[in-house]
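Residue numbers (the working numbering), protein chains in the order written: chain B, 1 to 112; chain E, 1001 to 1405.
Certain hints may be false.
Heads up, simulated EDC-like pairs for lysine to aspartate or glutamate below, C-alpha to C-alpha not over 16 Å straight-line [stated by the list, open to error]:
#: 1; chain 1: E; residue 1: Lys-1251; chain 2: B; residue 2: Glu-44
#: 2; chain 1: B; residue 1: Lys-2; chain 2: B; residue 2: Asp-67
#: 3; chain 1: B; residue 1: Lys-60; chain 2: B; residue 2: Asp-88
#: 4; chain 1: B; residue 1: Lys-2; chain 2: B; residue 2: Glu-50
#: 5; chain 1: B; residue 1: Lys-2; chain 2: B; residue 2: Asp-110
#: 6; chain 1: B; residue 1: Lys-2; chain 2: B; residue 2: Asp-109
#: 7; chain 1: E; residue 1: Lys-1251; chain 2: B; residue 2: Glu-50
#: 8; chain 1: B; residue 1: Lys-60; chain 2: B; residue 2: Glu-32
#: 9; chain 1: E; residue 1: Lys-1254; chain 2: B; residue 2: Glu-44
#: 10; chain 1: E; residue 1: Lys-1254; chain 2: B; residue 2: Glu-50
#: 11; chain 1: B; residue 1: Lys-60; chain 2: B; residue 2: Asp-14
#: 12; chain 1: E; residue 1: Lys-1154; chain 2: E; residue 2: Asp-1070
Not the full set, but computed from the structure, chain E residues with beta-carbon under 7 Å of chain B [as the list claims (entries may be wrong)]:
#: 13; residue: Pro-1194
#: 14; residue: Phe-1252
#: 15; residue: Trp-1299
Quick caveat, the hints were computed from the structure, so don't treat them as lab data. From the three backbone atoms N, C-alpha and C, an ideal C-beta is built for every residue, glycine too.
Here is how the chains run, residue by residue.
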Amino acid sequence: MKLVTAIIQPHRLDSVRQALTDIGINGLTITEVRGYGRQKGHTEIYRGAEYTISFTPKLKIEVALADDRVDDAISAITQAARTGKVGDGKIFVFELLAAQRVRTGETGDDAL
Amino acid sequence: MINAADTAWMLTSTALVLLMTLPALGLFYGGLVQAKNILSVLVQCTAVAAMCSILWFAFGYSLSYSGDGDWLGDGAAFFLGNLARDTVRPGTHIPESVYVMFQMTFAVITPALIIGAYVERIRFAAVLLISALWLLIVYAPVAHWVWGGGWLAKMGVMDFAGGIVVHVTAGVSALVIAWMIAPRHEFPHGIRPPHAPWMVMVGASLLWVGWFGFNAGSAVSSGADAGMAMLATHLSAASATLAWMAIEWIKFGKPSLVGAVTGTIAGLATITPAAGVAGPLGAVLLGVAAGCVCYVAVWAVKRVMRVDDALDVLGVHGVGGAMGTMLLPFVSLAGAGGGHLNHAVGPQLQAQAIAVLAVALFSAIATFVITKLADRLVGLRVNLEHETQGLDFATHGETGYHVNR
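So that you can see chain B by itself, here it is in the shape it has in the complex (with noise of 0.2 Å):
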C-alpha cells in the first residue's frame, strides 16, 4: 500500500476530486496548509503598503491506495492540477505499513 500526498493550488481540488473519482478511486482527505517552493510567497497592497505573503495557501491531499493504483493516481492528479504556471504543486509518495477500517475491522488492502 501507498500513501500518495499531493500539495495543489486550492482552486484545483473540485478537478482532482473529479479525476479521481473518474478512474475509481473513492476517498480522500484534504487539509488547508500554506507554503512555499518556487513560487516564493506574493505580495498584497493595502492603503499604499506592500505586505509580503510568504506561505501561499495551498491544499494537501492524502489518498491511500493499493500498490497498483498508485502510478494512475498520479497522473490522474497531475493532469487535473495542473495550470502550467509556477506553483502548481508537488506529489510525494509514501510506503503506507498498515490500514484498518474503524467500522468493521478489515486490514490492508480491503480496507482501503
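Since the structure of chain B is already known, use the hints to place chain E on it.
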C-alpha cells in the same frame, strides 16, 4: 422652547453617532488588525465608550459646556446635578438632556479614534488611563474653546462638526502615542496584512451612515442646515472613495476594497468641519482633495516619519480634519448652497489656521504628558511574548476565531 422636530432629529442623530463607535469603529479597526488581536480592539472600543460616557456625565460635559470662560467651562454641571427634565439647552430648541447625550457620543468616539494608533501592543490598563485623562485634559478644553464659547469661538473659528475638536485632536495625539509606545516589533516589513477586509468595509459603511448624525446632527436643528450638511457629507464621502480608488488603480493596477473605504473615511473626516458651509459642489471638491491628500499622508507617516500609527489615525483623520478646516473658507464659495462665513475669506482662513495650530500643539504636549504618566503608573506595552501571542488571549483570555469547533 422645546421644538419637537429638532428634538426628534437630535435623538436620531445621537443614536447614529453612538453607532459610529459601537460597532462601526470597532469593526473598521478590528478588520485591519491581525486575527489574534480582533477582540482586543473590540474590547477597547466598548470599554472606552462606557468609561467616557460616565466621565462625560461626571465632569466632561460641565468642563466643556457649562460657563463661558475663555479656557475651560466651570464645575456647575458636574454630575449633571442641576439637569431638570424640562431644561432647554440655551441657544437651541432641544432639551438639555438630549444635548448632553448628543455631545456625549462625540466624547466617546474621539478617544476611541486614537485606539487605531496603538493597537496590537498596548496594555489594557494604559488604554483606560490614557483615554480617561485625555478626555478630561485634551478633549473637554478644546470642545470648550471651539464649541463651548471659549477663546476660539470668540475669534470666530468655524468647526461645524469636529474637524478640529475631534479629528485634529485625535490625529495628533495618535501620532504622539504611537511614537512614544514604539512600533510593533515586526514594523515595518514583517507586519501582517489586515485579517478581514470585509469587516473593514462593514465598519466603514456604518461609519458613513452614522456620520449623517455626526454632521447633520451638528446643526442642532432639523432644518435647512441639517439637510445641506447631510448632502455635503454624502457627496464628500463618495468622491473621496472614488479618488482613493482611482489612485490605487493607476498606481498598482488593482482597485482595493480597503483602499476604497479608507477613502470614504478620509472624505467624511474632511467634510466634517465644513459641512455647515459647503454646498454640493464644494463638498465634491473637498472629497477629491481628501482622497488624494490623505493617501499621501498615510504613506508619509509610515514610510517617511516611520511612526507605527498602526491604523493611520493621523493620516486619515488628523490630516483630513485639518485640511477641511483650512479649506472651509474656500469651499463656502464653490457653487451654490454655500453657507455664511464669520469673517471675510482672508481673516477666516487666518482664524482657522490659528485654531488648527494651537489645538495641534496643545494636543501634542498634553498627550505627551498623559502618556508619560501612564507609562510610569501602569506601563504602556505588553511584553514581547504576549504581543506575539496576540492580545485577545494574552490580555482578555478569549480567542476570536475557533476553527473546526
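Hints and how they fare:
1. E/Lys-1251 to B/Glu-44: holds, 13 Å
2. B/Lys-2 to B/Asp-67: holds, 6 Å
3. B/Lys-60 to B/Asp-88: Holds, at roughly 12 Å.
4. B/Lys-2 to B/Glu-50: violated, 43 Å
5. B/Lys-2 to B/Asp-110: holds, 14 Å
6. B/Lys-2 to B/Asp-109: holds, 10 Å
7. E/Lys-1251 to B/Glu-50: holds, 12 Å
8. B/Lys-60 to B/Glu-32: The hint holds at about 6 Å.
9. E/Lys-1254 to B/Glu-44: holds, 10 Å
10. E/Lys-1254 to B/Glu-50: holds, 13 Å
11. B/Lys-60 to B/Asp-14: holds, 13 Å
12. E/Lys-1154 to E/Asp-1070: Distance ~8 Å between E/Lys-1154 and E/Asp-1070 Cα, so the pair holds.
13. Pro-1194: holds, 6 Å
14. Phe-1252: Because about 5 Å separates E/Phe-1252 from the closest Cβ in chain B, which is inside the 7 Å limit, the hint holds.
15. Trp-1299: Nearest chain B Cβ about 5 Å off; hint holds.
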